[in-house]
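Undergrad: Based on the provided sequences and hints, a complete structural model is requested.
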Amino acid sequence: MATAVVSPPAAPPSNVEQSAPLAPQTLEETGLTSAFVADLTLKLLYQKGQTNAAELADTLCLPLPKILQATLDFLRNEHFVEVKGGSGVAASTYIYVISQKGAERAKEAMDRNGYVGAAPVPLASYVARVRSQSIGDVQITFESLRKALSHLVLPERTLRQLGPAINSGRSIFLFGPPGTGKSSIAESLASLLHGNMVLPYAVLVGQQIIRVYDPSRHRPLIQLDARFDRRWVPVARPFVEVGGELTLEDLDLNFDPVTKVHEAPFQMKASGGVLLVDDFGRQRASPEQLLNRWIVPLDRDVDFRTRSRSSRRRTPSSRRSCAGYARYRRSPSTRRPRSGSRSTVVSGTSRCVRATLAISCSISAPRRAFC
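Just so you know, we're using our numbering here: the sequence shown kicks off at 2 and counts up by one.
Do not take every clue at face value.
[Claimed, not checked] Here are the computed distance ranges between Cβ atoms for each label pair:
(1) 256 <-> 289: 22 to 30 Å
(2) 143 <-> 113: 50 to 58 Å
(3) 182 <-> 66: 32 to 40 Å
(4) 49 <-> 91: 18 to 26 Å
(5) 56 <-> 144: 33 to 41 Å
(6) 256 <-> 141: 33 to 41 Å
(7) 83 <-> 123: 44 to 52 Å
(8) 228 <-> 101: 32 to 40 Å
(9) 141 <-> 224: 26 to 34 Å
(10) 56 <-> 26: 52 to 60 Å
[Claimed, not checked] Using 30 Å as the maximum straight-line C-alpha spacing, the simulated DSS-like pairs for lysine-lysine come out as follows:
(11) 108 <-> 49
(12) 67 <-> 85
(13) 261 <-> 102
(14) 102 <-> 148
(15) 49 <-> 261
(16) 49 <-> 102
Simulated from the structure, these hints should not be mistaken for laboratory data.
Ideal Cβ positions, reconstructed from N, Cα and C, are used throughout, including at glycine.
TA: And the structure:
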């Protein structure tokens with residue numbers, strides 16, 4: 002499993018709200034159906050037993066007067082829920098209790114999908130937002146790079162290679178002998194890519210839900226008010242590190258057969274931030290298998306996730322939405338990446354190296370100007 006690392010310090014959250022979507026004014030603007038919202042509301046009431054309308058809206062992250070109230074009125078008229086008074090005359094204080102009929106429908110909904118929480122956003126909305134927050138838009142200067150790496154003793158030419166590689170917004174392949182600072186460089190570069198972004202609690206794909214927000218990997222900045230779509234969470238750009246524990250299974254959706262909910266893989270949770278693959282070549286899967294898996298994401302900016310029912314969905318890849326830093330180690334003495342293999346991994350490896358992304362941490366590093 003992926004190991005979370007505390008995100009680097011983010012810029013003051015004064016501009017966080019600028020990237021947050023505005024609150025939906027109609028059900029259509031949420032991208033959800035009335036049946037889906039009704040089932041999600043019933044599942045929440047089934048778990049809580051009873052609660053007031055304001056708490057329901059807060060948990061589901063949906064506006065009460067413009068969207069959720071219509072759902073509650075429908076459930077009440079159809080005898081799925083009952084109103085047990087309230088602490089005031091406002092509709093937000095009404096206490097709702099699920100009925101026997103509502104409990105049966107909630108159980109049926111739980112059998113299909115056990116997700117309970119903030120309403121998800123459609124996949125298309127998630128893809129558009131990730132692309133608009135691409136880390137490829139973050140540009141650094143030579144002075145900021147030198148400052149971030151000031152605690153390391155590095156050749157000037159190494160710094161001048163790193164600059165354009167970072168500004169390219171593509172993946173970076175660091176290689177060299179053990180002890181030359183590859184991991185330290187990668188971790189330090191993460192501090193340069195500061196800033197804020199928003200990501201959803203969950204994404205809806207068909208009738209299945211993928212959890213994206215993870216408190217152990219994402220650092221929330223502020224809580225959005227009613228002006229904004231609270232299904233999105235303002236966070237610092239994430240930094241996720243994986244090492245020798247990485248497997249091919251970790252690269253795909255993780256389906257929980259009990260809750261019937263998918264968990265996003267670590268590279269999806271690192272979108273918009275930095276993904277560090279350390280000790281590359283020491284994983285359970287061979288380097289050839291991992292690079293073959295990454296050929297399409299590196300080349301076409303998209304990846305494909307397999308859901309529990311074997312259908313596949315297209316999502317933004319990590320090439321621009323997430324900068325990947327890899328430490329290449331094949332044996333006790335790390336080897337330089339080559340493209341002489343007859344396997345299909347040649348294509349993927351050459352793409353990594355060809356795009357000015359392969360950087361040697363030894364004295365044999367090639368020169369590249371940094372303007």
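Undergrad: Taking the hints in turn, state whether each one holds.
TA: A quick look at each hint next to the structure:
Here the CB-CB span from residue 256 to residue 289 is close to 26 Å, well matched to the stated 22 to 30 Å. Hint check: residue 143 to residue 113, Cβ distance near 54 Å, so the stated range 50 to 58 Å holds. In this structure the supplied range 32 to 40 Å is violated for residue 182 paired with residue 66, their Cβ-Cβ distance being about 56 Å. For residue 49 paired with residue 91, a C-beta distance near 20 Å keeps the hint of 18 to 26 Å intact.
Distance hint for residue 56 and residue 144: a CB-CB separation of about 50 Å, inconsistent with the stated range 33 to 41 Å. Checked against the hint of 33 to 41 Å, the pair residue 256 and residue 141 passes, with Cβ atoms roughly 38 Å apart. At roughly 32 Å, the beta carbons of residue 83 and residue 123 sit outside the given window of 44 to 52 Å. At about 39 Å, the beta-carbon gap between residue 228 and residue 101 stays in the expected band of 32 to 40 Å.
For the hinted restraint 26 to 34 Å between residue 141 and residue 224, the CB-CB distance of approximately 30 Å keeps it satisfied. Separation of residue 56 from residue 26 is about 22 Å and departs from the stated range, judged on CB atoms against 52 to 60 Å. Simply put, residue 108 and residue 49 have alpha-carbon atoms about 14 Å apart, close enough for the 30 Å limit, and the pair holds. A hinted pair counts as satisfied when its Cα atoms are at most 30 Å apart, and residue 67 with residue 85 qualifies at roughly 22 Å.
Of the supplied pair hints, the one linking residue 261 and residue 102 holds, its CA atoms being roughly 23 Å apart against a limit of 30 Å. At roughly 64 Å between alpha-carbon atoms, residue 102 and residue 148 are farther apart than 30 Å, so this suggested pair is violated. This hinted pair checks out: residue 49 and residue 261 have alpha carbons roughly 20 Å apart, not beyond 30 Å. Between residue 49 and residue 102 the alpha-carbon distance is near 16 Å, which keeps this suggested pair within the 30 Å criterion.
Consistency note: the structure conflicts with the earlier hints numbered 3, 5, 7, 10 and 14.
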